[in-house]
Amino acid sequence: MAEVVPLKDAVATLVHDGDSVALEGFTHLIPFAAGHEIIRQGRRDLVLIRMTPDLIYDQLIGMGCASKLVFSWGGNPGVGSLHRFRDAVENGWPAPLELEEHSHAGMANRYVAGASGLPFAVLRGYRGTDLPGQTANIKPITCPFTGEELTAVPALNPDVGIVHAQRADRAGNVQLWGITGIQKEVVLAAHRSLVTVEEIVDELDPRPGAIVIPSWAVTYVAAAPGGSQPSYSLDYTIRDNDFYVAWDKIARDRETFRAWIDEHVLAEGSVPA
Amino acid sequence: MAEVVPLKDAVATLVHDGDSVALEGFTHLIPFAAGHEIIRQGRRDLVLIRMTPDLIYDQLIGMGCASKLVFSWGGNPGVGSLHRFRDAVENGWPAPLELEEHSHAGMANRYVAGASGLPFAVLRGYRGTDLPGQTANIKPITCPFTGEELTAVPALNPDVGIVHAQRADRAGNVQLWGITGIQKEVVLAAHRSLVTVEEIVDELDPRPGAIVIPSWAVTYVAAAPGGSQPSYSLDYTIRDNDFYVAWDKIARDRETFRAWIDEHVLAEGSVPA
Amino acid sequence: MSYTSDEMMTIAAARQLRPGQVCFVGIGLPSTAANLARNTHAAGLVLIYESGTIGAKPGHLPLSIGDGILAETADAVVSVPEIFNYWLQPGRIDVGFLGAAQLDRYGNINTTVIGGEYARPKVRLPGAGGAPEIAASCREVIVIVRQSRRTFVEKADFITSVGYGSGPGDRERLGLSGAGPATVITDLGIMAPDPETKELRLTHLHPGVTLDRAREATGWDLATAPDLDETAAPSEHELAALRALTAATPAPPSRGSQGG
Amino acid sequence: MSYTSDEMMTIAAARQLRPGQVCFVGIGLPSTAANLARNTHAAGLVLIYESGTIGAKPGHLPLSIGDGILAETADAVVSVPEIFNYWLQPGRIDVGFLGAAQLDRYGNINTTVIGGEYARPKVRLPGAGGAPEIAASCREVIVIVRQSRRTFVEKADFITSVGYGSGPGDRERLGLSGAGPATVITDLGIMAPDPETKELRLTHLHPGVTLDRAREATGWDLATAPDLDETAAPSEHELAALRALTAATPAPPSRGSQGG
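Heads up: the protein sequence lines correspond to chains A, B, C and D, in order. Just so we're aligned: 17 in the numbering used here is position 17 of the first sequence, and the numbers increase by one with no gaps anywhere. Just add 273 to the spot in the second sequence (first one is 1) and you have the numbering used here. Just add 546 to the spot in the third sequence (first one is 1) and you have the numbering used here. Just add 806 to the spot in the fourth sequence (first one is 1) and you have the numbering used here.
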């Protein structure tokens, strides 16, 4: 059964230096509050896993929390580059960042394999691209029935999986709706999991399009109202598109980036932007 | 875009002698009306595919429509045997029935592979059982990353996939809820598909737990109110448990079986039991 | 208060389940026992049916694993591929509850064919259903089945679901993640595998059942555990709860129907 | 009525789409063009975004493929694994709409790195996103990208998504089910592969654009189709619809953001 605990305690208990950590949320329900708590707790050498690193990993990378990134698309959606990510890759600032790069289909299937207790997944993907040349984690596999050659990728089973959701009940059952993305797979694939939620309610009344992750499949639940901002939680908050655009300027420069983190993440009483 | 047509026409156009046909519905939304129409149209040499053959395949097999059955559990749920199925296997009446037998996990993953455009699926299954000894469609496969040996099964891509659902709109978009089973996978895995529905409505208002199969992924939609009886359609009909119990006696004897089919399926104006 | 041997069997099975456990349940005797446990000492027991219903809380016993009551009372309803791939296969389930048509000395289960050739068997049984993967992947398996020489055989005619295979080490060799059949509950007593040989041996006799009778109903030379004990008789509370549960429901089937 | 070259490009791209087609759309120029088509001549165009929204009907242009408007207006919202496995991979999608940072003479797309070593590139681009499988599995691919020597290169620094590989027969050899890039729409004109050599050649010049200018903006010796034609200028209706669509929305990104 999931324990409902404060965010700070959940992160302190679950996330250790050197862990592989997946903070997911495919363009919706991105767990910014949890990511900021990881920055506040000063974690180091994390292997960060995420399909779309987005602003949250730009911030973790810029603060030197990560030594490796496993991802499939590292941009600022609809805006352009992630400058802290690029600075780390192009100039090794503030620390060199090892990359393991996949396609979305490959990453999604790696989480599916992890959630399914399988060591690998099979897909029609990567063939003819230069991606297999950059990692040992993309290999050909032959169908034992047709002889056709396809592509295999290894399961992802992060030490810690962290997602945001709209609601949980007091027993720790989690409910989310809208774009459900890869949330369930990450929780089920991870060895330990944390779900931050907009609110904790007495009863999870059924909602169209909602999925429920039962409490017994989750390690911790923590209340984090607004915890997905500047991403959003459908029916609770709206996506702060202006901040995504503003981030381009903030993150372009190392000093303005640090100043923003100091003010909005590290300062006493700071709240997720 | 799915065409909305009468059931009789849909079956006549889609189902031909010798076709592989999957009528699915995992203990819910079983397409009895469509199955009875196949009996009325006197199809022969069908390869019938279904996880739980249930009464509907007992009826098709007893009427000599099938030459082969691909399945994973052939019983009368909660009651006992399928006597027509057993008579065909044990005594070859009315015709010999070739069997290809799997586990539920194997069948489910075969449909998933079929829906995914993959030639095979991988699972932890069958190991140590006598099932692989009876078919060439269960083979070992080795993980290219860990070297672990798992099991592969080939994709299922039936010529025709038939399922029942609660509702469709006039454009042919299909909506179903409750136990969704394997319905979506069968429609997507099949070369041609038919969805029978309790009713056709102007608007598919969102429902908790409902999935929608878009019109452009379906071949035909046909109205068949009560078309899943004696199975059920949640919120429209209830499961006729008494009939499932009564079937044991009806089907035990070849003559009483034929008499029942004559009266309830073949007779003019007969309706699905 | 008098009771039948079936009632003793079902109650003994229910007692195996603990509060908060997650239990993958087949229809018939397993479903009756699991729901009895949930209604008595094991409140909070999480029931999973292979129809995709997670945390089902049926008020009456379902005749089919697809009964509407399961979806209506579940915490979550997922697709059939998901229930097997995301929930059963990774070993998240504490207890798998199975029936059997044949059970051999190593706890291997046959629900496929009895006698004759596979293609022309003497008796064609329903088949595998979800059982092979339940037997493989649940952390432990409980088998509930009426005991007779026809059912408890030296060697199964067909291995549908693996117990301990041909003995110690087989499950590990086959890569089966679960521990295998920990307990076999019958209408005569309770069996568990010998820790050394993995052969099923008698650990409990139900009240009024003699060791000879249990041995006569077993197709191999049935050994007994050093601490062979008598099963506690059903309490009035247990019997009342069981009868309330079954009152509204058709009789469960006589053999492994986990696929239905 | 005057218009910009970006407007001409977007309108030319929108014209490629036909009513009832199913279109897998990336954010930015592809999304703008697809929504313009849906709002003009191609009503009933089915838009799929990789966030899992099938049949989305956004009233304004989403900044991200995860914008709430997409889920709220979709016929169905499915998980990310499902959108790639059940919907894209089997080849159900008619048209895949992609951007590019580099595009080579065989229509291969680079959105990964430019210059230097892969591990220490001169420019680190966002990466693959959904593009490799969109390029592989959609029945046909339309690329929309501003034309320059920096972008239209003889050979891509990195092949993120395969067009025609190194020429005829490569897609078949690689087992890529889709037909590949059928059309490339730029701010200068329109290109299509030579049926024989699969090399991209010019089929249309936008009004006022000279062949020399198009050649100067291309990193290989750009050939022309025998029936080289001029693109019809945007109609007032097309321009009004496009401006209404973009009015409420931030400027689209300057390069392939289909992953966002």
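Simulated from the structure, these hints should not be mistaken for lab results. Careful, some of the hints might be misleading.
The calculated BS3-like cross-link candidates involving lysine-lysine, where the alpha carbons are at most 25 Å apart (straight line), are [what the hints assert, rightly or not]:
1) A:139 - A:68
2) C:668 - B:341
3) A:139 - B:522
4) A:68 - D:928
5) B:522 - B:412
6) A:249 - D:928
7) A:8 - A:68
8) B:281 - B:341
9) D:961 - D:928
10) B:522 - C:668
11) C:668 - C:701
Ranges between beta-carbon positions, derived for each pair [said to hold, decoys possible]:
12) C:686 - B:371: 49 to 59 Å
13) A:6 - D:923: 42 to 52 Å
14) D:808 - A:264: 42 to 52 Å
15) C:686 - D:866: 31 to 41 Å
16) C:719 - D:972: 46 to 56 Å
17) C:589 - A:16: 32 to 42 Å
18) B:281 - D:825: 39 to 49 Å
As the structure is a prediction and not an experimental result, all values here were calculated from the model. Positions of the beta carbon are idealized from the N, C-alpha and C atoms, including for glycine.
These are the hints, each one checked on the structure:
1. A:139 - A:68: Holds, because 21 Å separates the two Cα atoms, which is no more than 25 Å.
2. C:668 - B:341: holds, 19 Å
3. A:139 - B:522: violated, 56 Å
4. A:68 - D:928: Given pair residue 68 (chain A), residue 928 (chain D) holds - Cα atoms ~19 Å apart, limit 25 Å.
5. B:522 - B:412: violated, 39 Å
6. A:249 - D:928: holds, 20 Å
7. A:8 - A:68: Satisfied, since the Cα-Cα distance of roughly 24 Å is no more than 25 Å.
8. B:281 - B:341: Status holds; Cα separation ~24 Å.
9. D:961 - D:928: Roughly 17 Å between the alpha carbons, so the hint for residue 961 (chain D) and residue 928 (chain D) holds.
10. B:522 - C:668: Since the Cα atoms of residue 522 (chain B) and residue 668 (chain C) sit roughly 20 Å apart, the hinted pair holds (cutoff 25 Å).
11. C:668 - C:701: Holds, because 17 Å separates the two Cα atoms, which is no more than 25 Å.
12. C:686 - B:371: 49 to 59 Å: With a Cβ separation near 37 Å, residue 686 (chain C) and residue 371 (chain B) fall outside 49 to 59 Å, so the hint is violated.
13. A:6 - D:923: 42 to 52 Å: Holds, at about 45 Å.
14. D:808 - A:264: 42 to 52 Å: holds, 44 Å
15. C:686 - D:866: 31 to 41 Å: violated, 55 Å
16. C:719 - D:972: 46 to 56 Å: Holds - the Cβ-Cβ distance for residue 719 (chain C) and residue 972 (chain D), about 47 Å, lies within 46 to 56 Å.
17. C:589 - A:16: 32 to 42 Å: holds, 36 Å
18. B:281 - D:825: 39 to 49 Å: violated, 31 Å
In terms of the numbered hints stated before, the structure departs from hints 3, 5, 12, 15, 18, listed from lowest to highest.
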